[in-house]
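Enquirer: Below, each chain spelled out in residue letters.
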Amino acid sequence: MNERWTRALTAIAVFGVLILAWEYASTNGLLKPYKFPPPSKIARGFVELATKGFPKDLTLWVHVQTTVARILQGYVYALALAIPLGFLVGALPLLEKLTNPLIVFGRSIATLSLLPLVIVWFGTGELTKVILIGYGCFWTMISNVIAGVKYVDRTLIAAARTMGVSGLNLYWSVILPAALPRMFAGARMALGVGFMVIVGAEMIGTIEGLGALIMEARTFYRSDITIIGMLVIGVIGFLISSGLMRLERVLIPWDTGLQDVRR
Amino acid sequence: METAAAEVENRMAEPFIVFDDIRMRFGPADEGMPPVLDGIDLAFPKNSFVSIVGRSGCGKTTLLNIAAGLVKATSGEVRIDGKAVKGPGEGQGVVFQQHALFPWLTAAGNVEFGTRTRGLPKEEKRQVARDLLDLVGLGHAVDKYPRELSGGMQQRVAIARALAMDPEILLMDEPFGALDELTRIELQQELLRVWEAQKKTVVFITHSINEALILSDRVILLAPHPGRVHKDIDITLPRPRERTDPAFNEMYQEIWEGLSS
Amino acid sequence: MSGRTSLSDILLGLVGTLIVLAVWEFAARGGFVDASIFPSPLLAFESAMQKLTTADVLSHIGWSLYRVVAGFLLGAACGIAVGIAAGWYRFANYILVPLIELLRPIPPLAWIPLAIIWFGLGEPSKFFIIFLGAFFPVVTATYRGVMSVDPMLIRAAQTHGLKGVRLLAQVAVPGAAPDLATGIRIGWGLSFGILVAAELIAADRGLGYMIMHARLLGNVDVIVVGIVLIGILNLATDALIAWGIGKWIGRWHAT
Chain E
1 MNERWTRALT AIAVFGVLIL AWEYASTNGL LKPYKFPPPS KIARGFVELA
51 TKGFPKDLTL WVHVQTTVAR ILQGYVYALA LAIPLGFLVG ALPLLEKLTN
101 PLIVFGRSIA TLSLLPLVIV WFGTGELTKV ILIGYGCFWT MISNVIAGVK
151 YVDRTLIAAA RTMGVSGLNL YWSVILPAAL PRMFAGARMA LGVGFMVIVG
201 AEMIGTIEGL GALIMEARTF YRSDITIIGM LVIGVIGFLI SSGLMRLERV
251 LIPWDTGLQD VRR
Chain U
264 METAAAEVEN RMAEPFIVFD DIRMRFGPAD EGMPPVLDGI DLAFPKNSFV
314 SIVGRSGCGK TTLLNIAAGL VKATSGEVRI DGKAVKGPGE GQGVVFQQHA
364 LFPWLTAAGN VEFGTRTRGL PKEEKRQVAR DLLDLVGLGH AVDKYPRELS
414 GGMQQRVAIA RALAMDPEIL LMDEPFGALD ELTRIELQQE LLRVWEAQKK
464 TVVFITHSIN EALILSDRVI LLAPHPGRVH KDIDITLPRP RERTDPAFNE
514 MYQEIWEGLS S
Chain C
525 MSGRTSLSDI LLGLVGTLIV LAVWEFAARG GFVDASIFPS PLLAFESAMQ
575 KLTTADVLSH IGWSLYRVVA GFLLGAACGI AVGIAAGWYR FANYILVPLI
625 ELLRPIPPLA WIPLAIIWFG LGEPSKFFII FLGAFFPVVT ATYRGVMSVD
675 PMLIRAAQTH GLKGVRLLAQ VAVPGAAPDL ATGIRIGWGL SFGILVAAEL
725 IAADRGLGYM IMHARLLGNV DVIVVGIVLI GILNLATDAL IAWGIGKWIG
775 RWHAT
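Protein chains in written order, with this note's numbering: chain E, 1 to 263; chain U, 264 to 524; chain C, 525 to 779.
Simulated from the structure, these hints should not be mistaken for laboratory data. Source: prediction; values computed, not measured. Misleading hints may appear alongside valid ones.
[Unchecked claim] Covered stretches of chain C, as calculated for chain U (at least 3 residues, CB under 8 Å):
(1) 630 to 640
(2) 682 to 696
[As the list claims (entries may be wrong)] As a list, the in silico DSSO-like pairs of lysine-lysine whose alpha-carbon atoms are at most 27 Å apart:
(3) K462(U) x K494(U)
(4) K771(C) x K388(U)
(5) K346(U) x K771(C)
Beta carbons are placed, not taken as given, at the ideal position from N, Cα and C, and that holds for glycine.
Just chain E, same shape as in the assembly:
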């Protein structure tokens, strides 16, 4: 209890000191205000962003919605494909061995390197971004689903078999639950990947969305807005991952904890 308090207080103190020092340094010329906009300016910028919007009429909320919508679409499609396919591959050793190099390679392709190609094929619209996110999320998710299914504790399966469970029933009642923790870890990682991808993807050829926002802001020398955008991105990333962890705890209360899964 004591430790938590000390930690929290120190954190607050540290931030407080930093913000004050920053404000002072920036408004008194110790730091260039363009490179290090004072917190007061950032706060004002936040209000402006939330109400009037930047660029014209695109409020913070619109940007957030756009980005999140893009991520979710790509993410959901990716998962919808990755889960059944992953299950299939994980369950059939032959298939897994055949597709292993493909999956390893697909995973190694830098998602953003596909951007130019996808633009050529599908233009610069929403579809491109969704596809890109989908690609990134897909490979991460499928790798984890495969691993989750493949590495189910053999003893659990043996035990189930001795109780007369087999075939599809075995998958449904034993393998799926046993693979869930790993699948959730994969889902969390995939979302993280999608998030990273969209931020990058939005920096090219669009003015809506958080990635676009921070890029545009720079062109107009609004470094304060850039910083706000970054912080908002961070907050959203944080909310998404902690939201997922909470969901995980609800859906799989028996999870023994798989936080440090290797990619």
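Fit chains U and C to the given chain E structure using the hints.
Expert: Showing chains U and C alone in chain E's frame:
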């Protein structure tokens, strides 16, 4: 003129390790919880093998940690050969229940680690490590990593490592507790062999009465809530100890009753 | 974990790959799709080689590698140093961890505009982003690793008289090594992806640039070759790092 026997008796009587009114409390005194250790007074002579037996919660591990210098008693002190214990690493060898071997060092590496306080040149360190591993029957496993060894072997390396310090005292906290019965019996014999060969003073914690009887000259019964010395029994059975000996059983009964009361 | 990959596994893998390549080849040649925007792998490779010289390609690869290695090394080194301090010293922990955890959720790519503001459009800004990409995973893995070293090991070392910096260096750091290694591997993967993105957005050399440039010229074949090259490079370097890690801690640590 002292006879040889009297001389031996004298030497035996001089305490080598002394627990002087050790009290230990976690948390403030008014909280209503009894102290973990409530005035432990013990004295063991040199080269003796003493077991401390008691049920869980009687503070035996805490007592050992205090003797090892890992924990500070709330009051009272432990003296070894007249000097008060101030901190760890002063010459008490410790063997824990979980072997606590460094996974990134080989068996030899771990034992060599134990020689660091002796300021030996590199070659001698290596030799000491080899000799000790031979002593515990692991001469062939010198270059193996902990994860390649069985539980029994790991504990033997842990014992060798503690011995590598050439310690005056060996403190052992239920070192065989995590092992299976057969390995346990084997290691007990090993330990006795080593003790007799190296002439160390051993303070040994266990909750197994059998183990205490097989190994020790003296058994201290610790009672919990608050932790205090309940009984101090000299084991006068001849060595090597035989479980089938009726005298053995008598002692067993005595201790068992002591624990249950 | 998985046992050794047997010969049959490798063969099956090859078969699978060949099937995929064949399908791709057929789909492209069979006229199902416009070949100029969906080239078959062989044709793409051929025509790309006509437009690029080996020297060009090597130069791009060289630049990309140089950037990512430099940024990564510095990021990882700082990550390890800060991570050890934050993991071992309570004071440093209370101050550093909140800062790290505040900045960590911000994807390194989101730092690009700010990096350009701070450092301009040249190399330093890219270096900075790649640095960040390596720094965060490594510092997090390191400080968590140090914090979670088996306390029994520390106790055991203390009974041998170890304390202070020597205790840290000889016990805590090796104990944290497996976590550190994972952090490094993840950090490298991230740095690599970031490099590509950074080169796509603002560069005049490197593989990312090569792809972007090809798009402007409409050379889909070069784009494809570029993508594949990046993928291969990623794979190869990751395998190299995994091998290196194996040599470093493989003997005593079961992964």
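Enquirer: Need the list of violated hint numbers for this structure, in ascending order.
Expert: 1, 5
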